[in-house]
Amino acid sequence: MTVAYDVASGAARRRRVAGIVRRDVYALHRNGGRLLDIFFWPVLELVIWGFVTAFLRANNVPIAVSMLLGAVLLWHAVARAQAELAMVFMQDVWSRNLLNVFAGPISLGEFLAGHVIFVAGLVTASTAVLSTLALLLYGIGVTTIGPAAVPFLVVLTGMGWGLGIIAIGIVIRFGEGTQSVAWVLAAAFQPFAAVFYPVAVLPPVAQAIAWAVPASHVFEGLRGLLAGHGIDWAGLATAAALDVALLAGAVAFLAHALRHARRTGRLSKFGE
Amino acid sequence: MDVLTVTALRKRFGPVEAVDGVSFTVGAGEAVALLGPNGAGKTTTLHMVLGLTRPDSGTVEMFGHDMTRDRARALARANFAASYLHLPAVLRVEEVLTVYAHLYALRRPAVRVAEMLELLEIGHLRRQRFARLSSGQQTRVLLAKALLNDPGLLILDEPTANLDPDAADRIRRLLAEQAARSGRAMLITSHNMREVERMCDRVHFVSGGRIVATGSAAELAGAYGVDDLEAVFLRVARGGGPA
Ligand SMILES: Nc1ncnc2c1ncn2[C@@H]1O[C@H](COP(=O)(O)OP(=O)(O)O)[C@@H](O)[C@H]1O
Ligand SMILES: [Mg+2]
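Quick mapping for you: the protein sequence lines, in order, are chains R and B.
Anchor point for the first sequence: position 186 equals 185 in numbering that gives the first Met the number 0, and the numbering is continuous, going up by one each time.
Anchor point for the second sequence: position 66 equals 65 in numbering that gives the first Met the number 0, and the numbering is continuous, going up by one each time.
Treat each hint with caution, since some may be false.
[Stated by the list, open to error] The calculated lysine to aspartate or glutamate pairs, modelled on DMTMM-like cross-linking and capped at a C-alpha distance of 25 Å, are:
{"#": "1", "chain 1": "R", "residue 1": "268", "chain 2": "R", "residue 2": "175"}
{"#": "2", "chain 1": "R", "residue 1": "268", "chain 2": "B", "residue 2": "29"}
{"#": "3", "chain 1": "R", "residue 1": "268", "chain 2": "B", "residue 2": "55"}
{"#": "4", "chain 1": "R", "residue 1": "268", "chain 2": "B", "residue 2": "157"}
{"#": "5", "chain 1": "R", "residue 1": "268", "chain 2": "B", "residue 2": "69"}
{"#": "6", "chain 1": "R", "residue 1": "268", "chain 2": "B", "residue 2": "16"}
{"#": "7", "chain 1": "R", "residue 1": "268", "chain 2": "B", "residue 2": "60"}
{"#": "8", "chain 1": "R", "residue 1": "268", "chain 2": "B", "residue 2": "19"}
[As the list claims (entries may be wrong)] Just some of the chain B residues that point at chain R, by a computed CB distance under 7 Å:
{"#": "9", "residue": "23"}
{"#": "10", "residue": "51"}
{"#": "11", "residue": "53"}
{"#": "12", "residue": "57"}
{"#": "13", "residue": "71"}
{"#": "14", "residue": "84"}
{"#": "15", "residue": "90"}
{"#": "16", "residue": "94"}
{"#": "17", "residue": "104"}
{"#": "18", "residue": "105"}
{"#": "19", "residue": "109"}
{"#": "20", "residue": "132"}
{"#": "21", "residue": "134"}
Hints were generated in silico from the structure; no laboratory data involved.
Virtual Cβ for every residue (Gly too), placed ideally from N, Cα, C.
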């Protein structure tokens with residue numbers, strides 16, 4: 000009996016995906032500073048928006064507190080999924096470990112699957128913590144949104160994955176110098192995601208862009224829901240379809256970036 | 000059967016002809032060296048063998064699998080360590096090895112990791128973070144990673160480049176012992192003559208992206224009418240030919 004499973008077997012594929020998940024879990028466990036990224040900034044944002052709503056209400060501005068805080072909680076899923084996916088990839092670049100991984104039998108799909116699974120767990124955990132905190136502080140949490148919160152979060156996390164995969168592709172395609180993109184890509188989409196205001200307030204061109212962004216359908220849905228209009232299933236379906244298109248495009252771009260990097264020798268440069 | 004067949008590999012980076020028609024084979028159990036000065040094209044050749052860089056032309060066949068078409072199947076049976084690559088810095092040694100035991104789809108990761116810790120004599124470092132180790136210790140962990148899947152072909156890019164002479168000598172002894180005991184094939188690059196004389200059955204001298212001379216260390220010295228590989232190296236590196 001050989002020491003390894005047959006390379007194409009299901010057992011081997013599961014092992015390789017599990018190897019990536021383990022790498023990410025160990026790295027999180029060994030780097031306490033990352034908890035700051037994952038919890039501190041979102042908590043800070045939550046507190047700031049809490050005060051903003053308190054101030055607005057004190058001045059009799061009619062404002063749906065649940066909407067603002069709900070939006071903060073949900074947008075967190077997009078931003079974290081994107082940034083964490085980029086982060087776990089960049090860690091291998093910084094450690095000069097990337098070539099060791101790619102010199103092994105793992106496929107691009109398995110590599111991504113492992114990271115994506117880890118990030119899904121992380122986003123779930125951090126959303127739960129934030130939501131609990133919001134519930135304690137302001138009496139509003141993900142639970143206020145009701146069962147629709149689950150599909151909302153799935154679609155938003157999916158968008159974060161898509162953007163994270165694009166960020167990885169950009170770094171592979173254009174080199175380590177472009178890594179700042181990896182930290183701001185989700186933020187660049189926020190103006191078009193209708194997080195804090197409806198799509199209708201945007202100028203026409205921006206509206207066209209906004210309707211192509213999965214998150215804007217979720218946040219429009221959230222506003223409708225909190226206004227008592229029920230769940231907009233058509234909007235959710237559109238968002239899910241846009242997610243699928245985004246993810247397919249992102250993976251295709253990453254595969255292209257990797258082919259390009261193998262041809263130009265850029266991949267090999269990640270060893271320097 | 001040859002474990003590795005490299006045929007007419009070429010790679011150009013802009014104006015630089017990094018690899019200019021390189022062909023060689025590595026037989027089962029054979030230790031082959033690519034020896035040559037900096038910039039000769041050794042690393043580029045290895046990266047093409049490993050599928051990290053795509054050749055402009057030429058083919059690589061590993062264990063009978065074409066690298067462009069059946070990369071995973073080929074790489075599952077090989078492994079790689081390089082002096083310029085590291086492992087995840089913050090992870091503990093046993094965590095790093097556990098990760099790679101999974102990436103090579105080993106049946107019993109924990110058992111295999113324990114075996115490697117013992118083989119490389121790094122059991123006492125298992126709970127240390129990789130980044131905190133000395134260069135010599137890091138090299139041992141890199142080699143433990145490279146031996147995890149009991150590879151039929153071990154590819155090493157200047158394995159002792161970062162080490163002081165004492166640490167380098169220990170690693171060389173360990174590798175030579177390993178090779179003799181396991182019967183695995185090795186492809187090693189180096190610009191260290193002694194390393195190559197000691198560990199390799201066959202040496203290819205690489206210069207300017209081409210293999211300019213081939214033979215055992217003794218044959219090469221004979222062909223060039225000098226005493227040892229070091230003298231051959233100087234001769235070739237300065238553009239001289241056989242005597
Ligand atoms: N990824 C790359 N991009 C551009 N040029 C490269 C790249 N890799 C190597 N080169 C160039 O190709 C030549 C051969 O380099 P290399 O294969 O690293 O040589 P060696 O390993 O023998 O020192 C050098 O001139 C080097 O600068
Ligand atoms: Mg080199």
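Hints, verified against the model:
Under the criterion of a C-alpha separation no larger than 25 Å, the hint pairing residue 268 of chain R with residue 175 of chain R is consistent with the structure, at around 10 Å. Our distance criterion of 25 Å between C-alpha atoms is broken by residue 268 of chain R and residue 29 of chain B, whose separation comes to about 29 Å. At roughly 17 Å between alpha-carbon atoms, residue 268 of chain R and residue 55 of chain B fall within 25 Å of each other, so this suggested pair holds. Distance restraint check for residue 268 of chain R and residue 157 of chain B: the Cα-Cα separation of roughly 16 Å lies within the 25 Å cut-off, and the hinted pair is therefore satisfied.
Under the criterion of a C-alpha separation no larger than 25 Å, the hint pairing residue 268 of chain R with residue 69 of chain B is consistent with the structure, at around 24 Å. Pair hint residue 268 of chain R plus residue 16 of chain B holds up; C-alpha atoms about 17 Å apart against a cutoff of 25 Å. For a cut-off of 25 Å, the pair hint linking residue 268 of chain R to residue 60 of chain B stands: about 24 Å separates their Cα positions. Under the criterion of a C-alpha separation no larger than 25 Å, the hint pairing residue 268 of chain R with residue 19 of chain B is consistent with the structure, at around 20 Å.
Interface restraint check: residue 23 of chain B against chain R, minimum CB-CB distance 19 Å, threshold 7 Å, status violated. Annotation: residue 51 of chain B was flagged as interfacial toward chain R, and the flag holds, the nearest CB pair being 5 Å apart, inside 7 Å. About 4 Å separates the beta-carbon of residue 53 of chain B from the nearest beta-carbon of chain R, less than 7 Å, and the hint is met. The beta carbon of residue 57 of chain B is not positioned within 7 Å of any beta carbon in chain R (closest approach about 14 Å), and the interface hint is therefore violated.
Taking 7 Å as the C-beta contact cut-off toward chain R, the hint placing residue 71 of chain B at the interface holds, the least distance being around 4 Å. With 7 Å as the threshold, the beta carbon of residue 84 of chain B comes within range of chain R, its nearest partner Cβ sitting at about 5 Å, so the hint holds. For residue 90 of chain B, the suggested interface contact is upheld, since its CB lies about 5 Å from the closest CB of chain R, less than 7 Å. Taking 7 Å as the C-beta contact cut-off toward chain R, the hint placing residue 94 of chain B at the interface holds, the least distance being around 4 Å.
Taken as an interface hint, residue 104 of chain B checks out: its beta carbon lies about 4 Å from the nearest beta carbon of chain R, inside 7 Å. A least Cβ separation of about 5 Å between residue 105 of chain B and chain R falls short of the 7 Å threshold, and the interface hint therefore holds. Proximity of residue 109 of chain B to chain R is violated relative to the hint, the smallest CB-CB distance being about 12 Å (cut-off 7 Å). Hint status for residue 132 of chain B relative to chain R: violated, with the closest Cβ pair at about 13 Å, above 7 Å.
Hint on residue 134 of chain B is violated. Least Cβ distance to chain R is approximately 14 Å, over the 7 Å limit.
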